[in-house]
Structures are given as C-alpha cells and as structure tokens.
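The lines below spell out each chain.
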Amino acid sequence: MSVNEKFSAIRKGLLEFLVLQIIAAEKVYAADILKQLSTTEFATQEGTLYPLLSRLRREGLLDYEWKESEAGPPRKYYELTAKGKEQLRETLEYWSQINGTVKKLGQK
Amino acid sequence: MNKVITINLGGNAYQLEEGGYDALRAYLETATARLQGNPDRDEILSDIEGAIAEKFRTRLASHKTVVETKEVVAVLAEMGPIEAEPGEATHAGAAPAGISGGTTGQEAKGEEQSAGTGRTPKRLYRIQEGAMIAGVCNGIAAYVNIDPTLVRLAFVLLTLLWGSGLVVYVVMAIVVPEARSPEEKAAASGFPATAQEYIRRAKAGYYEAMKGFPDRKARREWRRRFKRDMRAHADQWRYNWHCYWTEHAPVYPGMGFMLPVLSILHGAAMVFWICALISLLATGALFGLILPAKVPVWIAALLLLIAYGILVGPLKVARRLCYRSLGRPRWTWSFVFLLDAIVWLAVVATLLWLAVHFFPDMRAAVQSIPALAHQAADDIRTWWNSR
Numbered sequence: 876m877s878v879n880e881k882f883s884a885i886r887k888g889l890l891e892f893l894v895l896q897i898i899a900a901e902k903v904y905a906a907d908i909l910k911q912l913s914t915t916e917f918a919t920q921e922g923t924l925y926p927l928l929s930r931l932r933r934e935g936l937l938d939y940e941w942k943e944s945e946a947g948p949p950r951k952y953y954e955l956t957a958k959g960k961e962q963l964r965e966t967l968e969y970w971s972q973i974n975g976t977v978k979k980l981g982q983k
Numbered sequence: 432m433n434k435v436i437t438i439n440l441g442g443n444a445y446q447l448e449e450g451g452y453d454a455l456r457a458y459l460e461t462a463t464a465r466l467q468g469n470p471d472r473d474e475i476l477s478d479i480e481g482a483i484a485e486k487f488r489t490r491l492a493s494h495k496t497v498v499e500t501k502e503v504v505a506v507l508a509e510m511g512p513i514e515a516e517p518g519e520a521t522h523a524g525a526a527p528a529g530i531s532g533g534t535t536g537q538e539a540k541g542e543e544q545s546a547g548t549g550r551t552p553k554r555l556y557r558i559q560e561g562a563m564i565a566g567v568c569n570g571i572a573a574y575v576n577i578d579p580t581l582v583r584l585a586f587v588l589l590t591l592l593w594g595s596g597l598v599v600y601v602v603m604a605i606v607v608p609e610a611r612s613p614e615e616k617a618a619a620s621g622f623p624a625t626a627q628e629y630i631r632r633a634k635a636g637y638y639e640a641m642k643g644f645p646d647r648k649a650r651r652e653w654r655r656r657f658k659r660d661m662r663a664h665a666d667q668w669r670y671n672w673h674c675y676w677t678e679h680a681p682v683y684p685g686m687g688f689m690l691p692v693l694s695i696l697h698g699a700a701m702v703f704w705i706c707a708l709i710s711l712l713a714t715g716a717l718f719g720l721i722l723p724a725k726v727p728v729w730i731a732a733l734l735l736l737i738a739y740g741i742l743v744g745p746l747k748v749a750r751r752l753c754y755r756s757l758g759r760p761r762w763t764w765s766f767v768f769l770l771d772a773i774v775w776l777a778v779v780a781t782l783l784w785l786a787v788h789f790f791p792d793m794r795a796a797v798q799s800i801p802a803l804a805h806q807a808a809d810d811i812r813t814w815w816n817s818r
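Chains W and G, in that order, give the protein sequences. Going by this note's numbering, the first residue of the first sequence is number 876, and it counts up by one from there. Going by this note's numbering, the first residue of the second sequence is number 432, and it counts up by one from there.
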C-alpha cells in the first residue's frame, strides 16, 4: 500500500477544512474551489464537492448568495458564516497541535 | 447519423446525442438514488445539473450545437460519482458507480415514462414562501395548481359577501400544517421538487442579485436575461406537459366528427362572454342582473374571465384531442385546423351580429363604445394636462 493510498481516508476528512479555508479567503463558487484544489493532493470532483458544500451549509458553517456571471446563468457564491469562521480557527489550531506532535514525538 | 434529444438543464436547452442522453440520465438516476435520504437532495441535484450545463456550454460553439456522446461521457467522468456524505442515511443497494451508459433502449423508455409521471403524492400544506399572511391561499393554489392571486381574491370575495372567508382562513391557518422540508414542499404541489425549487430559488436569486448591481443599465440587462431564461424554462415545462397528455389521453376514432360541434360551442361561449363583458362594463349589471352593492365592477369582470377560462379549458383540450384522432398524416391537421377555424369564426361573427341586432341593450352598448372611448381619451388628456 503506497503512502498515497494510506492517506486517502485522511485526505477525505481534511477536505472539509480545506474547503472552509478556501472559502474563508474570498467568496468563491464551486468551480473556483475545484480549480484551487486541482493542483494539490486534494484534487476532487463536483460529485464529491456539492454534497459536501450542502452539508456544510446545513451545519451552518457557510452560506451562499446568487451572483450573475459573464456567461450563463447566475452562480452560487459561498462564504463562511461566523460559526464557520470559528470552526475553521479551532481546526487550524488543532491542526498545528497535531503537526507539533508529529514532529516532536520520537525525537530525543 | 445520430438521433438528437433536447433536454432542459437548469433552465437552458441542450441537444445531446441519444447515447449521451442515456449516459446522463443514468448518471442523474444514480445520483438521485445515492442522495436518497439527504435533506438537500434536490438542491444538490440542481447544482449538479448546473455544473454539467456549464461544462456542456464550454464544449459548444455557434457551429456546434449538439453535445456528442463521447463529450457527455467525458463531462460525467469529470464530475465524478456522487458521494454520499458520511452520517447520512444512504439508500440501501444504491446502483453501482458513475457512468453506466448502456441502458438498453426499450428499458430506458419504460423507465423514462414512469419517471415523467412520477409525481409526489399531493398533500395540502401552508406555504410560507411568497405568502401574504399564513400561506393558506398559497398552499391551496399549489394544491390545485392555479395562481395564488385568484385564491386570495376568492377569499377576499367570500369575506366581503358573507364574512365566511375570514372564518375559513383562520381555521385553515390553524389546522393545515406548514410545508417545511423540501419533501413537504414538493408534496404541496405534487410536482417533483426540482422544477418548483428551481423556480423559487431562481426568483430568490434574482432579487438578491438585483440588489448587488451598481447601475441601472446592468440591472436592466440582468432583468432582461432573467426573464428570457424564465420564459424558456416555462415553455419547456409547458411543452413537457403537453407531450405528456397528448401521449396519454384516450382517443377514440370518429372523434374528429365532433370537431364542428365543439367549435360551435367554443364560439358560442366566447360570444356569450363578450356580451356579458360588454353589458357589465356598459351598464354595470350582468344582463340586467344587478350586482351586490359591495362587488366592484372590476372584480365581476375578473370573475367573468375566470369563469370563461374554466368553461373553455375542457373545450380546448377536447378540440385538440379531436385533431389527434384524425390520425397520423399530419398535413391533414393543418387542413382540418383551417376548416375548424373558419367554422369557429363564422359562429362568432354570426352570433355577435344576432346579439347586436336582437338585444337592444347590446346595440346600445355597442353604439356607445365610440362615445365611451372619446370620453376616456378626454379624461386621460385632462388628467395629463392637469399635471
């Protein structure tokens, strides 16, 4: 089992927070999110992203508004709610803790 | 040479090769099955459809209007299989992954029909979106599929006449449950939620977007485009419905001979309606029948219009069925249609002529039309000058 495969479950779990982080930076629509992820290890597809976005919205972490686009029908632009921002902050904190643990353990 | 199928994705029409259509349908069916139990299922599906539409758009140009099968398959592969979110009840035994493009033709047709007729069971709910008070009228309107304004008018009228409208309204506001979940909202109108929800959300988005535009020009442009899109969507809907009932309504041979009779009835109804309207507007009474003092003339006129619509609706449907019963070669239709239209016009003209000649009231009313028009024009002019 390659490292890549071993980490698939972890990547999947982290995706949610990366999506929150992307949305925290600016208002984006789904294709923007996919594009930003596409060059990373977390590249994903609409089939995964849309159900995820809808769950995050239902949990009250993000919200969307309709905006018109130059070509085609209006798009949903997502942004974080206060709850989403708080959750992201907590997650980042926890993540740096984990990171520290990973680095620290085993060093003598 | 490949057959092309036109579909509606997020309010725009796309033409797909038949194989591509099958693949897309299989994909969306799988998606629907996998999202079973997800409260946002319809919203996710409409997002997915929108994303697919966007990908199709980038593959089309002015000289290329049809999405080929291999392009559809490529787009669906880009989309990736729909993944149910953890912690949400997934439908047991959901169909296997992604693109299973090869449903056989016959099977697919059968499924399609059941999908087309697959209406959610109807229930009466109150609907808060766009409600005036408690959404009672809105709910009734959705239930019987008419304009909520008409239901509201009926309630107002009932209240004015006997005061009963108010009582009924209050009771219903208490007794009838409110539609909260998307499923309940779908059940309120009996339509699958997607289309309804699409329209509602599109409208919400419309007003939201209106606020965001800086100048009038951009706003006007947006309004124009929005209206065009909505119209296209409504047309598609109507077309689908039309196709549905022409496919399913019973047709008996020989119905074609009923056509002249129906045309005469239709014409007579129209003449009666015109006479009633003229008599109402000219004398303020319906053929000498004086309206209750509290009912303004315009409400009576509106009620007349509604009554006419109700009366003539079945006639129109029956006439169209008659055309169909005349059989396959469609060029005969246009001939019959012409003949029918002539019969209809003749009936209307004759009856109108008779009415004007034999009813003194009608004659007086018709003769007073030019004077009334002058009067109205004068009124408008004085009002304009007085500003």
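In short, the hints are calculated from the structure, not lab data. Keep in mind the model is a prediction, meaning the values are calculated, not measured. All residues carry an ideal CB built from backbone N, CA and C; glycine is no exception. There could be a bad hint or two in this list.
To be verified - List time: in silico SDA-like cross-link candidates among lysine to any residue, alpha-carbon distance up to 25 Å:
#1 W:K951 x G:K501
#2 G:K501 x W:G947
#3 W:K887 x W:K958
#4 W:K942 x W:K887
#5 W:K942 x G:E448
#6 W:K942 x G:K495
#7 W:K910 x W:M876
#8 G:K495 x G:E448
#9 G:K648 x W:E945
#10 G:K486 x W:T956
#11 W:K958 x W:R933
#12 W:K951 x G:G511
#13 W:K910 x G:L733
#14 W:K951 x G:E509
#15 G:K486 x W:L912
As the list claims (entries may be wrong) - Negatives, chain G to chain W, calculated, CB over 10 Å:
#16 P512
#17 I513
#18 D660
#19 L803
How the hints compare with the structure:
Of the pairs offered as hints, the one joining K951 of chain W and K501 of chain G is violated, with about 28 Å between alpha carbons and a cut-off of 25 Å exceeded. A C-alpha spacing of about 23 Å is found between K501 of chain G and G947 of chain W, which places the hinted pair at or below 25 Å, so the restraint holds. As the CA atoms of K887 of chain W and K958 of chain W are separated by approximately 22 Å, the hinted pair is consistent with the 25 Å bound. Restraint check for K942 of chain W and K887 of chain W: the C-alpha separation of about 29 Å exceeds 25 Å, so the hint is violated.
At most 25 Å may separate the alpha-carbon atoms for a hinted pair to count; K942 of chain W and E448 of chain G exceed this at roughly 32 Å. Distance hint between K942 of chain W and K495 of chain G is unfulfilled; the C-alpha atoms sit about 28 Å from each other, more than 25 Å. A threshold of 25 Å between alpha carbons decides the hint, and for K910 of chain W with M876 of chain W the separation of about 28 Å lies outside it, so the pair is violated. With a C-alpha separation of about 13 Å, the suggested pair K495 of chain G and E448 of chain G falls inside the 25 Å cut-off, and the hint holds.
At roughly 15 Å between alpha-carbon atoms, K648 of chain G and E945 of chain W fall within 25 Å of each other, so this suggested pair holds. A hinted pair counts as satisfied when its Cα atoms are at most 25 Å apart, and K486 of chain G with T956 of chain W does not qualify at roughly 29 Å. Distance check on the hinted pair: K958 of chain W and R933 of chain W sit about 12 Å apart at the alpha-carbon level, within 25 Å; holds. Our distance criterion of 25 Å between C-alpha atoms is met by K951 of chain W and G511 of chain G, whose separation comes to about 20 Å.
Note on K910 of chain W and L733 of chain G: the hinted pairing is violated, with a Cα-Cα distance of about 55 Å set against a maximum of 25 Å. Only pairs whose Cα atoms come within 25 Å are accepted, and K951 of chain W paired with E509 of chain G is accepted, the gap being roughly 20 Å. Only pairs whose Cα atoms come within 25 Å are accepted, and K486 of chain G paired with L912 of chain W is accepted, the gap being roughly 18 Å. Distance check on P512 of chain G: its Cβ comes as close as 5 Å (rounded) to a Cβ of chain W, failing to clear the 10 Å threshold; non-interface status is violated.
Consistency note on I513 of chain G: stated as away from chain W, yet its beta-carbon is not over 10 Å from all of that chain's, at 5 Å minimum. Its beta-carbon lying about 6 Å from the closest one in chain W, D660 of chain G breaks the requirement of being farther than 10 Å from that chain. Even its closest Cβ contact with chain W, about 46 Å, leaves L803 of chain G beyond 10 Å, as expected for a residue assigned away from the interface.
Checked against the numbered hints listed earlier, the structure breaks hints 1, 4, 5, 6, 7, 10, 13, 16, 17, 18; every other hint is satisfied.
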